[in-house]
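Sequences are here, hints too, so could you generate the full structure?
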Amino acid sequence: MAESKRQTLSPGKDGVVDRISNLPESLLCHILSFLPTKDSIATSILSTRWKLLWTLVPKLDLDSDTINTSELSAAAAADDDDDDEDDEREIMFAHIVSSVLAQQECGELQTFRLQWKFGWDGSHLDAWLRTAAARKVKELDLDIFMHDCDVENLKLPPSFFSCRTLVVLKLSGDIDIDIDIDTPSLSFNFPSLKILHLLEISLPSNINSQEHSFLRLFSGCPVLEDLSFTTDLFEGEYKLCVPTLKRLSFSENVYNESAYELEINAPALEYFNFEGDLRDIKFHEKLDNLVQANVESYVYEDEHKEFYREWVFRLFTALSNVKFLSFSPYGTEWHNVGNIYPSSFQNLVQLDFNVTDCNWPMLQDLLQNAPNLETLVVTKEYTYDKSNLCWKEPQYDRDYLSSHLTSFYYGGFEGLKDEEEFVKYILKEARVLKTATIQVYREKSKENVLEKLSMFPRRSTTCLLRVE
Amino acid sequence: MKFCAVKQYFDDENNNNITSGASTTMIPLPNVESHPLAILITYCKKHLKIKANNADNKKETEKEMEQYEQELLKKVMPQELTELILAANYLNFKEALDFFCRAVASAIQNKSIEFVRKFFGLESDFELGEEEKLREEFAWSFEGVDED
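So the protein lines, in turn, are chains B and R. Numbering of the first sequence is given in the working numbering, commencing with residue 564 and proceeding in unit increments. Numbering of the second sequence is given in the working numbering, commencing with residue 5 and proceeding in unit increments.
The set of hints was computed from the structure by calculation and includes no laboratory data. The C-beta atom is built at its ideal place from N, Cα and C for all residues, glycine as well. Incorrect hints may appear among the rest.
To be verified - Which residues of chain B face chain R? A partial, calculated answer using Cβ under 10 Å:
| hint | residue |
| --- | --- |
| 1 | Asn585 |
| 2 | Pro587 |
| 3 | Asn857 |
| 4 | Ser906 |
Below is the structure:
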């Protein structure tokens, strides 16, 4: 074919064949760009050609945990002083970041990613970010943790606010995003920012400044499309107004009894993810463009008991246009909430439902409200309290399952009577069902289950029943 | 169209008013070997098929694509990766280019220099002492790698 055109790679000594050298510099750098900076720099001793390649990669990605030398550990072991080792490591890491930035030959910086555990001196960050801003950094990812919990969180330095070219911003850990509203030059102003992830960040704690900071955050990002935030403590009233937002993910990490109110004005939303204790989440209007929603929510017998029904009803009103819904209602109070679906989910094509011993009625009701459902995935974790499990065949069945359901999956099958009734019901109703897959809980015998389930009458003539 | 270089060819053809009526046009690709091209075509078709199957469901698309990519990597020999990267680059097929470059990067990540040299088939051509100097300067980058 093109043998003559190809460079003949003659084997070196020991029959070693060079596989990589016929790639041009740009492609070698492209490969290096997928490596953390530590690995990228290590390639400098592969051969003379590789010596300076790493300096051409427009990326800095360093993790203070991976920076270690046997010298450091040996010295520390001799001294038997952990503090000294931490300090030494901190100084060394700061030096490495500064020298990498200084040695990079590429003008622009695509990505600046730092995972940094530090104890006492956060001042280097200002200089580093100043360099990043000057080199028009596009993606900034800071994952910062302090050794000492008593020390105040790291405040974002002035140079952070001058990174005006950012497209992606990810902040996580002990970072303070309380913005000083009295200093305009320290305002959140990122005209190109599309993606913003705030993970485990303590949102402004001062109730009075809350509205200011949160609002100012988003008003400074006119083209924001993707917002994600997780927090340990969410208390108070928050307003989120982002007309360009397409993806929103919000999760609350810790079970607590605090109350929050979240008002969301994001009419262009296509993807919504919520994990946490259910409270008052208000959408400005029904989400017409919603494609995918994931709701994993906890309701308990607590002081908010009376409000749950209203909150869920309101949430589902906004989500009713969704095509793909994943719903995991956890907690003890769901079966007391009653019928929570304000209208039918006309566009719902796939439903992933996590069933527990307390929420079967939610599944039943939902199936009666999804006229165009094509795929149903039900997953169950091991049931400890088997008495509550109850599947009841609906009295006035709207016969929705017969027209569109083509795929059914049930995970965590234990052979309980109600489970069998449920599977029987699906097989009986779904006229165009193509595949029904039952995943058996590990102690059960697949063959027995298959034998039993195969006896159930199937309305669909083309249905394939599988047990795994 | 994913193969941007090929698209360019079609655009040029139309501009020159050459008959583009034939459904099978011969497009010269002198810089691409047939074997990597076959793999790239399969990759492209699979990608489009998965996307079509899953309509708007981005999560499913990503999941299926990842599964397919894992399977594909098992069948591709390390020496073929360079060919694939060159081919994808020539054809301006960004997704495949990124995928195969990432595969090479994963293969050498956190590995010792000896391993990487062997993997690439490279030999050190440094002057005496030069390599030692580099090792000292960047000592921290050589620590903590996997056992060979």
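>> Next item in the hint list is serine 906 of chain B. Is there a CB on chain R closer than 10 Å to its CB?
In response: violated (21 Å)
>> Next item in the hint list is asparagine 857 of chain B. Is there a CB on chain R closer than 10 Å to its CB?
In response: holds (9 Å)
> Are asparagine 585 of chain B and chain R close enough, Cβ to Cβ, to be under 10 Å, as the hint says?
Replying inline: holds (7 Å)
>> Given proline 587 of chain B as an interface hint, is its Cβ closer than 10 Å to any Cβ of chain R?
In response: holds (8 Å)
The structure fails to meet hint 4 from the earlier list, while all remaining hints are met.
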